[in-house]
Every structure is written in C-alpha cells, then in structure tokens.
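> Start from chain R and add chain W according to the hints.
Just so you know, the protein sequences line up as chains R and W, in that order. Under the working numbering, the first sequence has 128 at position 128, and the numbering climbs by one with no breaks. Under the working numbering, the second sequence has 115 at position 115, and the numbering climbs by one with no breaks.
By construction, these hints were calculated from the structure, which means they are not laboratory data. The C-beta atom is built at its ideal place from N, Cα and C for all residues, glycine as well. Incorrect hints may appear among the rest.
Stated by the list, open to error - Label pairs and their computed distance ranges (CB to CB):
| hint | chain 1 | residue 1 | chain 2 | residue 2 | range |
| --- | --- | --- | --- | --- | --- |
| 1 | R | 318 | W | 369 | 39 to 49 Å |
| 2 | W | 369 | R | 229 | 24 to 34 Å |
| 3 | R | 57 | W | 166 | 30 to 40 Å |
Unchecked claim - In silico DSBU-like cross-links for lysine-lysine, where the CA-CA straight-line distance does not exceed 35 Å:
| hint | chain 1 | residue 1 | chain 2 | residue 2 |
| --- | --- | --- | --- | --- |
| 4 | W | 234 | R | 340 |
| 5 | R | 56 | W | 303 |
| 6 | W | 139 | W | 10 |
| 7 | W | 234 | R | 288 |
| 8 | R | 340 | W | 10 |
| 9 | R | 82 | W | 268 |
| 10 | R | 337 | W | 201 |
| 11 | W | 249 | R | 288 |
| 12 | W | 234 | R | 251 |
| 13 | W | 365 | W | 388 |
| 14 | W | 139 | R | 251 |
| 15 | W | 313 | R | 82 |
| 16 | W | 10 | W | 400 |
| 17 | W | 139 | R | 247 |
| 18 | W | 139 | R | 305 |
| 19 | W | 142 | R | 337 |
| 20 | W | 234 | R | 352 |
| 21 | R | 8 | W | 119 |
| 22 | R | 8 | W | 10 |
| 23 | R | 305 | W | 142 |
| 24 | R | 340 | W | 201 |
| 25 | R | 82 | W | 365 |
| 26 | R | 337 | W | 119 |
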Amino acid sequence: MDNSGPLKGIRVVEFTSAWAGPYATCLLGFLGAEVIKVESRQRPDHSRIISFTTGKAFQTLDESEVFNNLNLNKRSVCLNLKMPEAVEIARKLIQVSDVVMENMRPGVVPRLGLGYEDARVIKPDIIYISSSACGQTGPDREYIGYAPTFAALAGLPHVTGYPDWPPSNFLGSIDLRSACTSAFAILAALYYHQQTGEGQYIDLASQEAIATYAGDIFLDYVMNGRVPMRQGNQNDVMAPHNCYRCKGEDKWISIAVATQAEWESLCRTMGRSDLIDDPRFADNARRKTNEAELDTVISAWTGDKDPYDVMVLLQHAGVAATPSMSSEALFNDPHLKERKVFRQVDHPVIGKNWVIAPPWQFSETPAAIRSCGPRLGEHTEEIFMDYLGMSSDEIDKLKKENVIF
Amino acid sequence: MAPNALNGVKIIEFCTTISGAYCGKLMADLGAEVIKIEPPVTGDEARRRPPFQNDDPDPEKSGLFLYINTNKFGITLDPSKPKGKEIFERLVRQADILIEDHRPGEMEEMGLGYDTLKKSNPGLIMMALTPFGQTGPYKDYKAYQLNISHMSGQGYLLPLVAPDLDRPPVQIGGNSGNFDAGLTASLAVMAALFWRGASGKGQYIGMSKMEALVAMQRVESVTFPNSGINMSRKGESLRMSGNGIFPCKDGFVSIVTPEEHQWQNFMKLIGDPPWSKEPWCQNRFERGNHTEKINAYILEWMKDTPKEEIFRKGQAFSVPVAQGNTAEDVVSSPHFNARGFFVEIDHPVMGKLEKFPSRPYRFSKTPWAIARPAPRIGEHNEKIFCEKLDYTPGDLESFKDAGII
Numbered sequence: 001m002d003n004s005g006p007l008k009g010i011r012v013v014e015f016t017s018a019w020a021g022p023y024a025t026c027l028l029g030f031l032g033a034e035v036i037k038v039e040s041r042q043r044p045d046h047s048r049i050i051s052f053t054t055g056k057a058f059q060t061l062d063e064s065e066v067f068n069n070l071n072l073n074k075r076s077v078c079l080n081l082k083m084p085e086a087v088e089i090a091r092k093l094i095q096v097s098d099v100v101m102e103n104m105r106p107g108v109v110p111r112l113g114l115g116y117e118d119a120r121v122i123k124p125d126i127i128y129i130s131s132s133a134c135g136q137t138g139p140d141r142e143y144i145g146y147a148p149t150f151a152a153l154a155g156l157p158h159v160t161g162y163p164d165w166p167p168s169n170f171l172g173s174i175d176l177r178s179a180c181t182s183a184f185a186i187l188a189a190l191y192y193h194q195q196t197g198e199g200q201y202i203d204l205a206s207q208e209a210i211a212t213y214a215g216d217i218f219l220d221y222v223m224n225g226r227v228p229m230r231q232g233n234q235n236d237v238m239a240p241h242n243c244y245r246c247k248g249e250d251k252w253i254s255i256a257v258a259t260q261a262e263w264e265s266l267c268r269t270m271g272r273s274d275l276i277d278d279p280r281f282a283d284n285a286r287r288k289t290n291e292a293e294l295d296t297v298i299s300a301w302t303g304d305k306d307p308y309d310v311m312v313l314l315q316h317a318g319v320a321a322t323p324s325m326s327s328e329a330l331f332n333d334p335h336l337k338e339r340k341v342f343r344q345v346d347h348p349v350i351g352k353n354w355v356i357a358p359p360w361q362f363s364e365t366p367a368a369i370r371s372c373g374p375r376l377g378e379h380t381e382e383i384f385m386d387y388l389g390m391s392s393d394e395i396d397k398l399k400k401e402n403v404i405f
Numbered sequence: 001m002a003p004n005a006l007n008g009v010k011i012i013e014f015c016t017t018i019s020g021a022y023c024g025k026l027m028a029d030l031g032a033e034v035i036k037i038e039p040p041v042t043g044d045e046a047r048r049r050p051p052f053q054n055d056d057p058d059p060e061k062s063g064l065f066l067y068i069n070t071n072k073f074g075i076t077l078d079p080s081k082p083k084g085k086e087i088f089e090r091l092v093r094q095a096d097i098l099i100e101d102h103r104p105g106e107m108e109e110m111g112l113g114y115d116t117l118k119k120s121n122p123g124l125i126m127m128a129l130t131p132f133g134q135t136g137p138y139k140d141y142k143a144y145q146l147n148i149s150h151m152s153g154q155g156y157l158l159p160l161v162a163p164d165l166d167r168p169p170v171q172i173g174g175n176s177g178n179f180d181a182g183l184t185a186s187l188a189v190m191a192a193l194f195w196r197g198a199s200g201k202g203q204y205i206g207m208s209k210m211e212a213l214v215a216m217q218r219v220e221s222v223t224f225p226n227s228g229i230n231m232s233r234k235g236e237s238l239r240m241s242g243n244g245i246f247p248c249k250d251g252f253v254s255i256v257t258p259e260e261h262q263w264q265n266f267m268k269l270i271g272d273p274p275w276s277k278e279p280w281c282q283n284r285f286e287r288g289n290h291t292e293k294i295n296a297y298i299l300e301w302m303k304d305t306p307k308e309e310i311f312r313k314g315q316a317f318s319v320p321v322a323q324g325n326t327a328e329d330v331v332s333s334p335h336f337n338a339r340g341f342f343v344e345i346d347h348p349v350m351g352k353l354e355k356f357p358s359r360p361y362r363f364s365k366t367p368w369a370i371a372r373p374a375p376r377i378g379e380h381n382e383k384i385f386c387e388k389l390d391y392t393p394g395d396l397e398s399f400k401d402a403g404i405i
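Next up, chain R with everything else stripped away, as it sits in the complex (with noise of 0.2 Å):
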C-alpha cells in the first residue's frame, strides 16, 4: 500500500523491546515514518516470545499476534549488538535516520556505544528518546520496571476499584500510555527539527508517563491534604453513573447523567415518570446523596433487558448509555464494522491476523496499515545492501561470524 502519511520521509530506528517502546514507534510508522527495527536471535524483542495478554507462549519467534499488533508497517534488521561490528552497523544506520529510540535500561546504550552522546556525533541534528520505567535520573532509576509496577508508582491502581477491595493492577495498556507520549514528544521535536535543523535529547519515564494520568488527583492531595480513594464507576458529582447489570453473562450498561433534562429523559424511559417528583432524586445534589438507592431502581429496569436494546432505549432519549463491551462484543459491533476499526492483515507465519486500525481519519494523508509486523532479521539483507551499500558476501560473512545474528 501506498504511504501518503503526513511523516512519509521520516525515518526511525529503534532499539526497543516489549510494548512501550515499539508502540511509540508503531504509532509514527501508522503516520508514514519509515521505521526500522534492530533485534538479534540473542535478544529478541520480548512480545515475540509471549503474550501476557493470554498468557501464551509462542512456539518460534515469528508467530507472535502480540508483536504483529505493536510492531505493524516495520522492518526488522538483526544485529547482535554484543558484537562491535554490530554496534559499528548501528551507528551507521543511525546516520541515515531522523530519529533513534531505545528503551534499555539506563546505562545500557552508553556502554553499547549507542548513546546519544555517540549518535550526536555521527548524526548532529538527531533525535533521539530514551524511554524507560524511572527515567535517565534521580535515585530509582535503575530500578526495574513493567507496566504493572510503574503504573502502581504513578498511583493509578490506588484510584481505580472497588473501594472495599485491593486496588487493580494493570497491565499492557499502561506501556501504550508510555507510548504515545513517547511519540508526542518525538512530534514535537521533528517540528522543532523542521523549524531549526536541530536535533535534540529526550528522557522519557513511563513512571511519569502515567502519573500526568492523575495529576488531578495529586492536586486534591496538594490543596486539601486529601488522598483519592477508588470509588468503582462513580464519580464526585454526577449520579446516576454506574454500569448496571443487564441481561446474559457479565453483560452491563453504563448510564451517565450530569443534567435534570437527562434525568428526566431517563425516568420517562424507565417508564418511572413518578421519579421525577420523588423528592430523594429531585435534583443532582440529592441524587448523589441517595446514589445506591438510584442504582437499585435503575439495575431493576436494566435487569432483564440486552445491553444494546437499552442503550438504543436511552441514546434515542438523549441520555448517554453504552455497553461494557467484551472483546467479542468490540469485534461484532455494527459501528466499529462500519468505521473498519479491525482490520485483518496476511502474516507469513500466522496467517490472516486482526489488528486495530489507526485511531484518527485524516483528510489528506491517511495513517495506514502497509505491511503485518517484521519477522525477526527479515530485512536484514535488503536494508544493509539498500542503506548501507554492503554486498552480499559482506552479509554473508557477518553472518557467519555472528554480527548478524
């Protein structure tokens, strides 16, 4: 497929593993950068041996649907950079790039040679961005960390739950958090590279990545020495605002309602007009008060209805209801059909594999989906002879020997 994406000559190569690093560069690809992708047999990246989404290990290293989802529209190189004719290849890969990525730990690039102090002098004008869990500095930040870790340091899990019941834990959505502010700040210096010819650093902590998740929360700590709570769908000030049971397994509606028009609206549907006078509902304050009251009557309404018949019940009332949707219940949905918001890509090894659509449309340059993730060192060769100009007895012998590997 053609790529008219609004970064069409823009060119990456990242050295990143697992889910917050080659997001963040997935992203860019979706919007036309050409994307390179340096790996080794020794250190592939991490989503292609498991998926700790389904908890399943991957029989080789090139059928993972997890990697295929996270790393679309890439190449992938194979360099075993424990050698310093591979770090060597890297640096000259780095010269013919606009950005560069890693996401090792802190220290690790530098003593690689691959650092940014190395890149800058190769390439002045390079952008380069350093993600990882604590960041380049301060006391933690060596520390290890994965998506569930860092998000209970940023202080999410403290806020999201039950409040009678441990907080949650999460899991790869927080890395693709991590990951597209990641490709913010690599947008915003590509700008400032196209307005200046200046390359510049950046240090990314996932850690902080999330926290800017909550700083409003930090900020009721910061004026009233309040600590937020978790307190499940609900929120300070609008009631009703639950999911509520309906009919089938583990089918729910989420109903929200932050005026009097749509209260109203909602008891008139309900077929529960008296509601509106019932002095314990009669305006948002009092709603709020009598909360789990409200919920027992709406849950006695929603109960025995499907999902879908009540939110096409209340949109047509102007109230805002929508199902929890499963991953079957996403997949089957009639508006994300329409909106192609799965797409099916041909893998080599998986065959035909579902993938999610870039998030935005575009009047004139389309993010797309052009080719299913990389196997591993599958454009090694075309990569090393059409950038670097190595024949293909050079390759051969860094074979051989290793280098590529």
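Chain W only, in chain R's frame:
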C-alpha cells in the same frame, strides 16, 4: 531563555471540559499559543469539576481546570451569535490549528464547518474530537467518559482482579479516559502540523474518542477474533507470571515477573522457601495452575512488612516490584521530586501551589515550561480581541452587553 518546541504555533481550542483541553494543554506546555474559547459568563464546564481548593466550588479554584489549561490564553465567546461567529472566523483565520469537540454537524450548523473555514485559511488544520467519530451508526450518540471507557472495552477488564463477576466492571480512576483521547488527538494534530511544514497544506482530522481508547487496548481487543478468547476481569492472564497486587502492612505492592530469572530472584528475596523447590513451582505454566496457593504464601510473607521496604529490597534483588503509591506518596516521592516532576505555580486566585504536576518528558533543548497558569474566565479578552483583532475596549463592552463575550 530556552527555546520552545512549538514556538509560533497558533491554536484555537473550542472544546468543553477535558479531552480537547488536554490536547491543547500538551501543546501549550511546549510553547504553542493556545487560545481557549469558553462560553461567556459561566466559563468552561471543567471549572465546575473537583478538586476545588479548600473545597470551595469557585470557578477559579478548580484543580482540574488548572491542571488541563496551563499556558493558555482564555477568552469568552459565543460563536452561535452572528457577531460572535464573525469574531470566531477572524480568530481562526490567524490560526494554524483549530481543535473542536462539538457533535457532528454542529460546526456546519453554525456556519463554521471546515469547508467554510478553509476558504479564508487554506492551511488550517482542524481536529474534530467526538465520542464516536464523524461517521457510523453511533455518531450522534452521547457519551461521557464513563460511557466511552466501557464502550471501548477498557472498563470490562477492570478491576483486575475482581472478586467475582457479580459486581460491575469499572472505569480507570480519575479522568484517564479523557486524557487518553486528548493525548491521542495531539499525535494527529502534531503530525498534520509537521506535514503542513513540509507541504504548506492544511487538513481535516476526525477522531473518535472511543477508538482512541480501543487503540490503547489494541492487544486485549483482538483476543476474540484471533484466538476465540474473551478476557474478563477474573485475571486469567495474571496467572501465568507471578503477577499481582498484594496487600502488605501499610498498603499494597505490585509484583510482576515476566522473566524466569526474575521469579527466581523473587524467591531469593523471600528466603528460598521450601515450596518454591516443589516440582509444581518450576515454571510459569505450572505455577499458573497453583496461583491461589502461591498467592497465599506471598501474602503470608509480606503481610507484616511495609510497602516501601518490600519495594526497596525487591529492587535490590532485581525483582520488578513497586509500592502502590497514593497521591500523598507520589507528591512526597524522593524520586519524582529529584526529577523535578512537581513544579511551583502561581495563580492569581489560588495563590502559590508548590507541587504542581508537570511533564513526563525532558527535552534537552526545548524544555516543558510554565509561562502562565490556567486563565481566569475571559482573562485575555482584551489582549486577544484588541491586540490581535483590533477591536476597541468600547467594542468589548458592547459585545459583553450582547452576551457575545
């Protein structure tokens, strides 16, 4: 003074409450000139959202509004009135970017659709941010954050792990879903800005908030079509890897051991107990069948130990473990503070706040910076209307009397 990454970029933000404002904030904090348009008199809805300083619901004391509107210029304007529309058009004529979040068709009804606006500003980038996008059967449906969080599949998997499926799925705490949408929108806007820099051309971008959240859950979203697996909040995936949030003496800790050697380190940390030598404990798949037993042992080990001690000791053993931070913990964290995550901000009504949450990225050349706090209602009316559009203070008085500003 250090340069700004987005110096000279002019943005008009015509959005309510959180998502669009967060998108604008991300760019304002990197130096873009963002003019926020609020409804006359009442101001933006976020001004009525907590936390309020000292719980005083003054529209100038909302911590949420302060957090998501830093560095912006604030004006009041009602573009549904003819004169207001004319002023709006004049503002947009001078802008690079318009971010709006009105329901599909509403801008056109006001005579402010993209096709109209681009006639006088062909380079305009317009981002339309709505719950379900500009097309599809749900495009006119109403949804607040709660509804979008559940509709996207994000809520369905939380809390992780739920005690059972009798209680409803929940949204992420705070305003996370809105921030997901705002951050995702900012990527498209930045990419379009970059493309404009290269091509001189503007464009229209549509974005569905729901799809931004689905993309954030892209791995979880495709488990059904690819593998027939419908994940739930029972935590199936956690079973594989020694994952969990566990209560300890004074709170919670989060542990995750994706690598076998990390599990081994974890066992060393807890003193190589005899059960860890049993055959059923030798790999993640076997352990996955004995989660309850293992969790009970882990709980027993940590129940009398403070969270910070487990965090520090665990990290010393290279175990990916973290304490479950509360807002108080994050605000007083030595690491967050050493990295300057909290900065001082001075607000004319709220006064000085010493610990204002800042940014997750550190740019070497173009730092994130606070030039001004969030605007008061209509604070910059005179500056923008008189300096940029050459109206006189007398004009402003008559606009005010007519309810236009």
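> Taking the hints in turn, state whether each one holds.
Now for the hints, and whether the structure bears them out:
no.: 1; hint: R:318 <-> W:369: 39 to 49 Å; verdict: holds (43 Å)
no.: 2; hint: W:369 <-> R:229: 24 to 34 Å; verdict: holds (33 Å)
no.: 3; hint: R:57 <-> W:166: 30 to 40 Å; verdict: holds (32 Å)
no.: 4; hint: W:234 <-> R:340; verdict: holds (29 Å)
no.: 5; hint: R:56 <-> W:303; verdict: holds (31 Å)
no.: 6; hint: W:139 <-> W:10; verdict: holds (29 Å)
no.: 7; hint: W:234 <-> R:288; verdict: holds (30 Å)
no.: 8; hint: R:340 <-> W:10; verdict: holds (33 Å)
no.: 9; hint: R:82 <-> W:268; verdict: holds (29 Å)
no.: 10; hint: R:337 <-> W:201; verdict: holds (31 Å)
no.: 11; hint: W:249 <-> R:288; verdict: holds (34 Å)
no.: 12; hint: W:234 <-> R:251; verdict: holds (15 Å)
no.: 13; hint: W:365 <-> W:388; verdict: holds (29 Å)
no.: 14; hint: W:139 <-> R:251; verdict: holds (23 Å)
no.: 15; hint: W:313 <-> R:82; verdict: holds (30 Å)
no.: 16; hint: W:10 <-> W:400; verdict: holds (25 Å)
no.: 17; hint: W:139 <-> R:247; verdict: holds (26 Å)
no.: 18; hint: W:139 <-> R:305; verdict: holds (23 Å)
no.: 19; hint: W:142 <-> R:337; verdict: holds (19 Å)
no.: 20; hint: W:234 <-> R:352; verdict: holds (29 Å)
no.: 21; hint: R:8 <-> W:119; verdict: holds (26 Å)
no.: 22; hint: R:8 <-> W:10; verdict: holds (24 Å)
no.: 23; hint: R:305 <-> W:142; verdict: holds (20 Å)
no.: 24; hint: R:340 <-> W:201; verdict: holds (27 Å)
no.: 25; hint: R:82 <-> W:365; verdict: holds (31 Å)
no.: 26; hint: R:337 <-> W:119; verdict: holds (34 Å)
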